[in-house]
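Turn these sequences into a full structure, and let the hints steer you where they fit.
2 protein chains.
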Amino acid sequence: MPNSVPDISDAEFSVLDVLWQHNPASANDIVEKLNEIKPWHEKTVKTLLNRLVKKQAISYEKQQRSYLYSPLIERESYVVKQSKTLVDKLFRGHLSPLVASFAQQSKLKKDDIAALKSIISDWEKEQQDD
Amino acid sequence: MPNSVPDISDAEFSVLDVLWQHNPASANDIVEKLNEIKPWHEKTVKTLLNRLVKKQAISYEKQQRSYLYSPLIERESYVVKQSKTLVDKLFRGHLSPLVASFAQQSKLKKDDIAALKSIISDWEKEQQDD
DNA sequence: AAGTTATAATTACACTTGTAATCGTAATGT
DNA sequence: ACATTACGATTACAAGTGTAATTATAACTT
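Chains A and B, in that order, are what the protein sequence lines are. Residue numbering for the first sequence is 59 to 188, as defined by my numbering. Residue numbering for the second sequence is 59 to 188, as defined by my numbering.
Keep in mind the hints are simulated off the structure, nothing from the lab. Be aware that one or more of the hints could be misleading.
Identical copies go unnamed one by one, so any copy, or any two together, can satisfy a pair.
DSS-like cross-link-like pairs, simulated, lysine-lysine; straight-line CA separation at most 25 Å [what the hints assert, rightly or not]:
no., residue 1, residue 2
1, 101, 183
2, 147, 101
3, 168, 120
4, 112, 167
5, 91, 175
6, 142, 165
7, 168, 113
8, 175, 112
9, 147, 165
10, 147, 104
11, 168, 147
12, 165, 139
13, 168, 139
14, 183, 168
15, 167, 142
16, 142, 175
17, 175, 165
18, 167, 104
These numbers come from a predicted model, not from an experiment.
Here it is, written out as structure tokens:
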């Protein structure tokens with residue numbers, strides 16, 4: 059069975075996101091990195107780490123006195139799951155209305171357009187191959 | 059100040075989504091409609107309606123003994139806010155990686171592709187106009 | 001008018017989340 | 001060896017959520 063991704067709260071996600079960037083990492087490494095962004099108390103971060111361990115989202119390995127943490131789930135899996143959940147909920151599974159919404163909000167940049175074109179042409183290429 | 063959209067839980071969203079489809083509606087109308095999808099007790103739905111009223115997401119109008127509820131926030135506003143939140147969180151504000159992810163998961167249908175092309179050509183047209 | 005009933009309002013209660021503080025213990029300094 | 005400290009583990013506690021049950025009240029029935 060592929061990747062069953064547990065529910066992860068917003069605060070927990072921020073911790074995970076640091077771990078995805080570099081791992082394994084000690085609690086202190088994570089606290090330091092996080093503090094560039096979030097003014098969270100060390101104790102808070104440790105709580106979040108514990109909860110992530112309980113949820114089996116991360117693992118640790120004892121190293122002397124402290125632990126080295128690593129992600130157990132991949133960012134990709136999480137991203138795919140969350141994206142699908144949102145698109146299903148808001149657009150009944152269809153992606154294009156989301157893109158249209160961004161377009162209407164002028165949230166599309168030339169980079170995005172170029173990327174979209176490339177995605178489309180790849181998609182069309184693959185259609186032929188089948 | 060434009061639409062300040064309150065935080066809305068998943069269960070509350072389901073109720074709101076029924077109201078967006080047809081309003082105004084009585085609590086019973088909503089319960090009935092919702093029960094096509096969710097096996098929720100009438101009491102549960104009433105609780106959710108109350109919470110939505112408190113959050114100022116919906117309003118009501120007394121009609122004889124019961125109330126008629128209507129949305130106070132537009133679905134569009136909610137959708138825009140949630141979409142932006144997700145894209146900011148997962149893709150640092152860039153939409154195209156989300157589309158790429160869907161493409162990779164084979165979640166793009168011909169309809170989506172056609173819609174995307176149209177969005178792109180509109181976008182390009184507008185660039186000229188400026 | 002009194003009893004019954006349909007509604008809304010209030011209360012309940014366990015679980016999750018944000019945000020730590022405190023406790024126990026193993027390592028470190030002196 | 002003993003005191004201090006640096007960790008992780010346990011506990012805390014209010015707000016939000018899911019999921020109703022109970023209570024108050026206004027309307028309908030007889």
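Now for the hints, and whether the structure bears them out:
| no. | hint | verdict |
| --- | --- | --- |
| 1 | 101 with 183 | neither (52 Å within a copy, 53 Å between copies) |
| 2 | 147 with 101 | between (35 Å within a copy, 24 Å between copies) |
| 3 | 168 with 120 | neither (47 Å within a copy, 51 Å between copies) |
| 4 | 112 with 167 | neither (40 Å within a copy, 38 Å between copies) |
| 5 | 91 with 175 | neither (36 Å within a copy, 41 Å between copies) |
| 6 | 142 with 165 | both (20 Å within a copy, 9 Å between copies) |
| 7 | 168 with 113 | neither (40 Å within a copy, 38 Å between copies) |
| 8 | 175 with 112 | neither (42 Å within a copy, 45 Å between copies) |
| 9 | 147 with 165 | both (21 Å within a copy, 15 Å between copies) |
| 10 | 147 with 104 | between (33 Å within a copy, 22 Å between copies) |
| 11 | 168 with 147 | between (28 Å within a copy, 21 Å between copies) |
| 12 | 165 with 139 | both (23 Å within a copy, 12 Å between copies) |
| 13 | 168 with 139 | between (27 Å within a copy, 22 Å between copies) |
| 14 | 183 with 168 | both (23 Å within a copy, 13 Å between copies) |
| 15 | 167 with 142 | both (23 Å within a copy, 15 Å between copies) |
| 16 | 142 with 175 | both (22 Å within a copy, 21 Å between copies) |
| 17 | 175 with 165 | both (16 Å within a copy, 17 Å between copies) |
| 18 | 167 with 104 | neither (39 Å within a copy, 44 Å between copies) |
Hints 1, 3, 4, 5, 7, 8 and 18 from the list above are not met by this structure, while the remaining hints are.
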